[in-house]
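Single-letter residue listing:
Protein chains: 2
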Amino acid sequence: MIPITPIRLTVDCVVFGLDDTDLKVLLIRRGIEPFLGSWALPGGFVLPAESVEDAARRELEEEAGVREVFLEQLFTFGEVERDPRGRVVTVAYYALVNLHDHPLTAATDADDVGWFALEDLPALAFDHDEILRVAAERLRGKVRYQPIGFELLPEKFTLSQLQGLYEKVLDRTLDKRNFRRKVLAMGILIDLDEIQQDVAHRAARLYRFDENLYRQRTERGFNFEL
Amino acid sequence: MIPITPIRLTVDCVVFGLDDTDLKVLLIRRGIEPFLGSWALPGGFVLPAESVEDAARRELEEEAGVREVFLEQLFTFGEVERDPRGRVVTVAYYALVNLHDHPLTAATDADDVGWFALEDLPALAFDHDEILRVAAERLRGKVRYQPIGFELLPEKFTLSQLQGLYEKVLDRTLDKRNFRRKVLAMGILIDLDEIQQDVAHRAARLYRFDENLYRQRTERGFNFEL
DNA sequence: CAAGCATAGTGTGCTTTTGACACTTTGTCG
DNA sequence: CGACAAAGTGTCAAAAGCACACTATGCTTG
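Protein chains in written order, with this note's numbering: chain Z, 1 to 226; chain Y, 1 to 226.
Worth flagging that the hints you see were computed from the coordinates, not collected in a lab. Since the structure is predicted, the reported quantities are computational estimates derived from the model, not experimental observations. The hints are all genuine.
Calculated pairs, PhoX-like style, for lysine-lysine (alpha carbon to alpha carbon, straight line, at most 25 Å):
1) Z:Lys156 <-> Z:Lys176
2) Y:Lys182 <-> Y:Lys156
3) Z:Lys24 <-> Z:Lys176
4) Z:Lys168 <-> Z:Lys182
5) Y:Lys182 <-> Z:Lys142
6) Z:Lys182 <-> Y:Lys142
7) Y:Lys142 <-> Y:Lys24
8) Z:Lys156 <-> Z:Lys168
9) Y:Lys142 <-> Z:Lys142
Here are some of the chain Z residues that sit facing chain Y, going by a computed Cβ distance under 8 Å:
10) Glu50
11) Gln73
12) Glu79
13) Arg87
Note that the Cβ used here is the ideal one computed from N, Cα and C, for glycine as well.
Using the sequences and the hints, build the whole thing.
In structure tokens form, the structure reads like this:
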């Protein structure tokens with residue numbers, strides 16, 4: 001006897017993006033009830049023929065025009081009363097994107113899309129503030145022992161940009177020399193022997209993240225803690 | 001327009017237990033189709049009126065007689081083809097219990113219950129081998145930077161027992177003196193000024209885990225890495 | 001074209017943490 | 001009372017972490 005439960009399943013995505021000053025999160029303005037007109041995380045119902053992760057990617061593209069991103073499962077929120085539409089369980093994902101690579105386009109159930117600094121958020125629909133809080137916590141935890149975050153930067157970046165990213169995620173300042181020593185010791189960055197163009201002051205060297213080196217180090221149980 | 005999807009939601013629990021020699025996992029023998037007669041993780045459908053975590057606790061008690069345990073969400077498995085009954089998404093949890101405190105009783109949809117060493121598992125129903133693999137990996141990862149695992153021991157325990165636990169979870173030997181130095185430096189153990197009874201050789205001091213001390217340390221950003 | 005300025009880039013010394021290592025103590029059992 | 005099984009204990013050397021300040025470079029502006 002299999003009970004046919006009226007539980008419905010959704011996905012929600014917390015997309016983190018970085019601009020020059022802030023760590024931001026992508027929100028959409030809802031074009032449908034409930035919470036019509038409220039800001040919310042992009043997301044929606046999982047279709048029977050797609051995996052839950054595929055649903056997250058689909059909704060992200062449909063509602064915000066964002067595609068091909070680093071996406072990781074965050075947590076499943078399964079409280080009974082979390083959605084006024086009835087019993088809805090949501091699987092939350094979080095994503096990291098380079099903000100400038102991903103121009104936003106509102107569509108489907110979204111009337112508008114935008115980036116919001118974490119410290120300056122509007123009121124959110126459903127329990128999305130809670131989901132976002134968990135996501136930010138996870139991001140901070142994760143960045144400490146895994147070199148994620150390269151997805152937030154352009155392909156070629158300077159060590160100062162990378163340090164800025166870590167400082168924004170961890171919300172504290174880091175010592176420049178110690179940071180450089182450590183991050184270079186990880187052995188997963190390639191010095192491109194190029195320098196920044198069009199900057200108003202001394203140009204910095206450019207580096208890129210090397211996925212192969214990262215995999216090699218990872219297999220050997222290397223520790224990426226900062 | 002809300003699509004009423006035929007997706008159904010289950011929970012599955014990976015319960016780790018420790019006996020004197022091995023790290024074990026709790027399995028039930030299924031009393032219903034599909035996979036009737038196969039060994040599987042305890043679990044079942046989420047009811048509309050309970051939270052997902054409550055469902056996990058309920059199933060654990062119903063099927064195996066295990067209650068009041070440390071339970072943490074592991075991962076949600078949402079592939080389309082993972083269940084022969086149709087579209088079933090499962091939220092997996094993992095639990096840590098002191099094996100001797102939890103006598104097992106098979107009931108409801110389970111014909112039998114038992115503890116199995118991680119290295120000596122029967123074939124499992126559904127994708128439960130995959131779920132178990134993810135759980136073991138998470139446990140290893142977690143134990144390294146959080147002092148979980150006390151749930152696996154009796155309330156009063158010796159440092160050797162604790163070390164044995166870590167060695168079984170991490171699957172490597174640790175140096176006795178270094179281990180003691182580190183674990184005592186964490187400042188979350190209380191020396192009970194008691195010694196073991198009824199042991200065939202020199203009796204060891206007993207300690208207990210102090211939750212208040214743990215919380216204090218946690219709030220100050222203390223690092224529990226071993 | 002010189003001075004200013006904004007950011008890049010670089011090394012050292014001290015402190016703390018880690019990790020390897022072996023013997024003595026205690027209590028039980030036969 | 002001797003053998004045994006596990007408990008308990010300290011040192012030293014290497015590595016890692018952390019605090020700390022100046023010089024280099026290249027553009028801007030007066």
